[in-house]
Structure formats: structure tokens, C-alpha cells
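A.B. asks: Sequence:
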Amino acid sequence: YVHGHQYGSADGLNLQQIYEAGPGFENLIDHPSWYEKVKYFVGGEGSFDFHHGPLFIDENFANLRGPGEAIGIHSGGHHTSKRNQFRFHNGHFMNGQINVLVALTDIGPGDGGTMVIPGSHKSNFPPPAYDEHSIGLGGSADAIIGAEEIHMDAGDALIFVDTICHGSARRSVKGDRRVVVYRYGPSWGIFRFGYRPSPELLERLTPARREIVWPHEVMERSPQK
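The sequence shown begins at 275 in the working numbering and counts up by one.
Among the clues, some could well be false.
[Claimed, not checked] Computed cross-link-like contacts, SDA-like style, restricted to lysine to any residue with a CA-CA straight-line distance of at most 25 Å:
| hint | residue 1 | residue 2 |
| --- | --- | --- |
| 1 | Lys396 | Lys448 |
| 2 | Lys448 | Leu378 |
| 3 | Lys396 | Ala428 |
| 4 | Lys311 | Gly410 |
| 5 | Lys396 | Ile409 |
| 6 | Lys311 | Gln359 |
| 7 | Lys356 | Leu378 |
| 8 | Lys448 | Asn288 |
| 9 | Lys448 | Arg470 |
| 10 | Lys396 | Ile424 |
| 11 | Lys448 | Ala428 |
| 12 | Lys356 | His325 |
| 13 | Lys311 | Gly429 |
| 14 | Lys313 | Ala284 |
These aren't lab readings, by the way, just hints derived from the structure by calculation. Fair warning: this is a prediction, and the values are worked out from it, not measured in the lab.
My request is simple: use the sequences and hints to build the entire structure.
C.D. replies: Shown next, in the form of C-alpha cells:
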């Protein structure tokens, strides 16, 4: 049930639905190191956002990125997508998507680390040279003004709102940069791509994890209309 996938031609290999790969990845669904923090930043408690549960994972994958590979800059407050909006209202965060990126290898200089532009999640304008370094064009975030590269030790987790402009530096050393990414949003969401959790996964998950992976109760009716 794990599926190979790429966003572009030079950004590495994604292994989508990585929580299907065994207990080590299942444990990341509601890992105590970040679960409550993600709930806080997604927000929505007491509203319809919690109608099906506290959270929903709409995409999860491992990424392997080798020498010369990178992912271009993307997202930013100037975009109007509801899916990844940043919102703070009446003292509460109400964000469309919070990402957790976990380093499986050390990521230092030359390793192709994640890059972000601080404050860009609140901007109404794209950063300079955004189009020239955008995702899907084989670019990287290296030369973007204001972008900061984040170095991590294996096992570190980076939490960020998807609205912030982000991408990666280009990997310039041997070997692979290896990370996993879990994207969380409100319970009414649906999968970014056409994937669905397998019956085997749903059967073995705890009730709490099952609610995050598949919060929607199917209304069994015949005919279904």
C-alpha cells in the first residue's frame, strides 16, 4: 500500500502512505513529541472542525533526495488556498495544515535541508524571484532572499504551517537526505491524492489513531443517495 511518487523531475522519491509501512511509522501518527502541539496550531476545538475528531492526516510520506536534487519554493501567504491557510482569530490558531517533518538522517551543510522564509505566511506579496525558484521547475530555495536553511539531527522534528514559503537547498554531497512528512488538518478534510488507508491498517490501529487516519464514518445506505 506504500506508493512511489514524485512532485517533479528532480526533487527525489516520495513513498506515499508511509504509515502503512509498519509500527515505527504508525507510532508517528500521534507521537507525544508533537501531537498536542499540532492540535494547538490546527485549532478548531469546540467548532465544526472537531466534528469528526481532533485531526486528520491528508498526506504522509517518506522522501529520499540524492545529490543534485532539491524542491523549489512553494506556498506563502500571498496564495489564497483554503487548504493551507494561516489564521489566528480571537486568541486561537485556526490553520488549514500543519506539517511535521522528521529527519531520519543528519541534515547539515550540503545535505539539502529544508528552507523557509520567516514571516512569509502572513505576507500578501510573493518574495522576490519566487517564480524563478518555484516547485516543479527543477529549482531550489538556495538563492531566495530571506530564506533560512534549517539543519537537523536525525530524530529531530520540525513543525511548521504549510502556508509559510518553503522548499529546500540543493543537495551537494553523496548519499540521500531522508525525512518523513505528516500533514495534519481539520477532521473534515480529505486526502490530497486518491489514496485511502488499507483495511489491514485500520484493523490494527488504536481507536485514537484510526480516528486521525480515517475520521469519516461511512453512512451505509442502499441505494446510496
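A.B. asks: Next, verify each hint and record whether it holds.
C.D. replies: So, going through the hints one by one against the coordinates:
A distance of roughly 36 Å separates the Cα atoms of Lys396 and Lys448; the hinted pair therefore is violated under the 25 Å criterion. For the proposed pair Lys448 and Leu378, the alpha carbon gap of about 16 Å is at most 25 Å, so the pair holds. Under the criterion of a C-alpha separation no larger than 25 Å, the hint pairing Lys396 with Ala428 is inconsistent with the structure, at around 30 Å. At roughly 31 Å between alpha-carbon atoms, Lys311 and Gly410 are farther apart than 25 Å, so this suggested pair is violated.
Between the alpha carbons of Lys396 and Ile409 the distance comes to roughly 20 Å, so the proposed pair stays at or under 25 Å and holds. Our distance criterion of 25 Å between C-alpha atoms is met by Lys311 and Gln359, whose separation comes to about 18 Å. A C-alpha spacing of about 30 Å is found between Lys356 and Leu378, which places the hinted pair above 25 Å, so the restraint is violated. In summary, the hint linking Lys448 to Asn288 is supported, as the alpha carbons are separated by about 19 Å, within the 25 Å threshold.
Between Lys448 and Arg470, the direct Cα distance comes to roughly 35 Å. Violation of the 25 Å bound is thereby established for this hinted pair. At roughly 20 Å between alpha-carbon atoms, Lys396 and Ile424 fall within 25 Å of each other, so this suggested pair holds. Our distance criterion of 25 Å between C-alpha atoms is met by Lys448 and Ala428, whose separation comes to about 17 Å. Pair hint Lys356 plus His325 holds up; C-alpha atoms about 18 Å apart against a cutoff of 25 Å.
Between Lys311 and Gly429 the alpha-carbon distance is near 17 Å, which keeps this suggested pair within the 25 Å criterion. In summary, the hint linking Lys313 to Ala284 is not supported, as the alpha carbons are separated by about 33 Å, beyond the 25 Å threshold.
Hints 1, 3, 4, 7, 9 and 14 from the list above are not met by this structure, while the remaining hints are.
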